[in-house]
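Student: Let chain A serve as the given structure and place chain B on it in line with the hints.
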Amino acid sequence: MSTARTLVDDRRTLVGVLGALVAVIALLLFVDLPGSDLVTVGALERALQAATPIALAAIGGLYAEKSGVFNIGLEGFMIFGALVGAAVAWLLAGGDGITQAHLWAAFVAVALVSGVLATLFAVLLIRYEANQIVAGLAVWFIGLGFGPFAATVLWGGVSSPSLPNIDAVSVPVLAEIPVLGRLFFDASPLVLLTIVVAVAAWVVLFRTRYGYWVQAAGENPEALDTAGVDVNRVRYATVIFSGVMAGLGGAVLSIGIGSGFTGTGVTMVDGRGWIAIVAYLFGNYNPLGTYGASLLFGAMDMLQIQLQTIGISLPGSITGLFPYVAVLVVLVGVGYTRVPSAVGESYDTEE
Amino acid sequence: MSDAATGVRSLADRIADHMLDASVLERVVIALVATALALLIGAVIVAASGYDAVEFVSSLVYGAVGNASNLAFMLRQSSMLILTGVAVAVAFRAGVFNIGVQGQFVVGGFAATLGILFAAPLLPNSSISAVPLMALAALLALAAGGAYGALPGMMKVYAGANEVITTIMLNFIASGVVYFLLDAYLRPEGAAAPNTEQFPDYVGLPGLVFESPSFSILGLGVALLTVAVVYLVMDRTGFGYDLVTSGYQEPAAKYSGVDPKRMIVRTMTISGMIAGLAGALFAIMILGYYSDPNTFPTFGFDAIAVSLLAANNPLGVIPAGLLFGGLDAGGQYIGFTLDVPSELVDGVIGLIVLFVAAPELFRAAGRYTSLGGDRE
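Just so you know, the sequences run in chain order A and B.
Sequence positions in the first sequence follow our numbering and run 1 to 351.
Sequence positions in the second sequence follow our numbering and run 352 to 727.
Do not take every clue at face value.
[As the list claims (entries may be wrong)] Here are some chain B residues pointing at chain A (derived, C-beta under 10 Å):
(1) Ile516
(2) Asp552
(3) Ile700
[Unchecked claim] Here chain A is said to cover these stretches of chain B; the calculated rule only asks that three of the stretch's residues, wherever they fall, bring their Cβ under 8 Å from a Cβ of chain A:
(4) 641 to 655
(5) 703 to 709
If you are wondering where the hints come from, they were derived from the structure by calculation, not from laboratory data.
These numbers were taken from a predicted model, which means no experiment stands behind them.
Ideal Cβ positions, reconstructed from N, Cα and C, are used throughout, including at glycine.
If we strip away everything but chain A, and leave its shape as in the complex, we get:
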């Protein structure tokens, strides 16, 4: 619980996550494959894009859990975000001719709507002490139901028509840097923004007073209460934040890097909210480690394309399972992570 221990934990996590990334890349390089074709700049670009929605949701979920609330509803909030993003962009433009301004406005709308939904969810969890696991599952079910329902009302089918997404931005001088330039400065701005968010989340959590409040709300709420900080207020803030972040992650899928909302099966979110939870567990509640873990899962998601380019053709039904298998391997391998001690317990002041 002490700062020293946290720092040691942090370092171990970072080493662990980075080690895993290097191990995967090394494995791919040396397993008798033309490995240089497997890890290309294009592959990294796709992995960074695939990591973006996972990382956003994961950082939100991390804050909620750090403060003592297990937001298992990330997947559901992502579905709502994906739907609202596509719907608002489509409605603003009146159907056709969606511009970049419409898309960015849709992102703002997603943040607002997700914030409202997450507030309702937070009231149920914190004020009415709902079972966090069951209520979180309920958010997923509600998303699975009302997402495709709303899509059908709007577009006559469970999926939207094909929509444009956020353009890549080329930063004049920086884009010239080899490799890094193409990855970060001649790419979707959402990729870079997400990295900035991850760094900011790390600074706030470990270097500001507010971050210490968040940690204390999850580790030792009584002490925080004694210090005169309203524990539940901190928790409301983090749960709402997690809902907004997950919503934005969903919007990244539908209008950020994807091309519209898909509502078939378990929708286009397809388990990424659950993967996000594992990303922050694997990252041991460290936003930077969490980003690294998201990148690992993103790379798994994109492995199919890479395998195809080097001539290994596995059916999509199998390669599509790589991220889920990776999650299981991570959970079993890393297994126990030190969960904040007050997670899942509602806090009542003694007054």
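Tutor: Here is chain B on its own, set in the frame of chain A:
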């Protein structure tokens, strides 16, 4: 025994009974209010989307029980939901969140299918083979579902992996792998859809009461029998007692010599076995072949709602399963008669789960309106 002691004893019994009744009553009230509230919100959303809300509700009811064929469809869905609901209830009751019933159901149905397809040519091609073939299918389904449930149980116990997440991942993996196997190895030459061959004609359950090709009253019988067995085991045996105490009173269970780790794996195995059996029933009674699991109804997820509405009580799963079977049948009916997307009902089910998760909400509402205030 002295009169005073008997008096105290019976008083204590009566108080205990009363408390039990109050909490059962409260749960029933919460379940009913949650369902009504969720339906109300559903109707408001229907109205806001430009449909006729009254027609929505009346069609929902008609779709469930309006005529014999609707009723048969509802009972068919209810049978599946009762069976999968009991699978969930066993685990939740023991404090293990098995969200993987859908995957165990898919794997169980697949094992049953393999048994039927591979054993049928070895047996005489007549109805004499029906019973042994279906018994074999059921056994394989129990084994496969049980094994697929035991896996996340062991991951939880030996590696500390959160079962909520592992079971959800295993759901995705089950559907993907079964689809791959069907598509690659079991699809007949030249067939367009990823379906297996049809089972022999004699494999299936006779309709008996209802003239439905996909529902037999025997299917409902299997579900109710399973409920009865689970209820008796959990309520009347030492094993069932250990199961429930290890979920809620881990220290107490440990003290009485129960190994909570082993109980978790056993719980998940039993839960998976029941889910696997549901898969066999689905393959035999409803499909008559096996198909892409990604297109299957999500009984395993709706079962979570069924179990929660029943407060994870095996007997309560029966009315909850009937209710959700009705909602499901009604939802599909409005889907093709009113053009109201049937996903709406999935959303309503989600709302019911959300409300059931927050009983405090209703207690607070009860205090506020001074209804049921006497319970405070």
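Student: Does each hint hold? Answer for all of them.
Tutor: A quick look at each hint next to the structure:
| no. | hint | result |
| --- | --- | --- |
| 1 | Ile516 | 6 Å, holds |
| 2 | Asp552 | 31 Å, violated |
| 3 | Ile700 | 6 Å, holds |
| 4 | 641 to 655 | holds (count 3) |
| 5 | 703 to 709 | holds (count 5) |
In summary, the structure is inconsistent with hint 2 from the numbered list given earlier, while agreeing with all the others.
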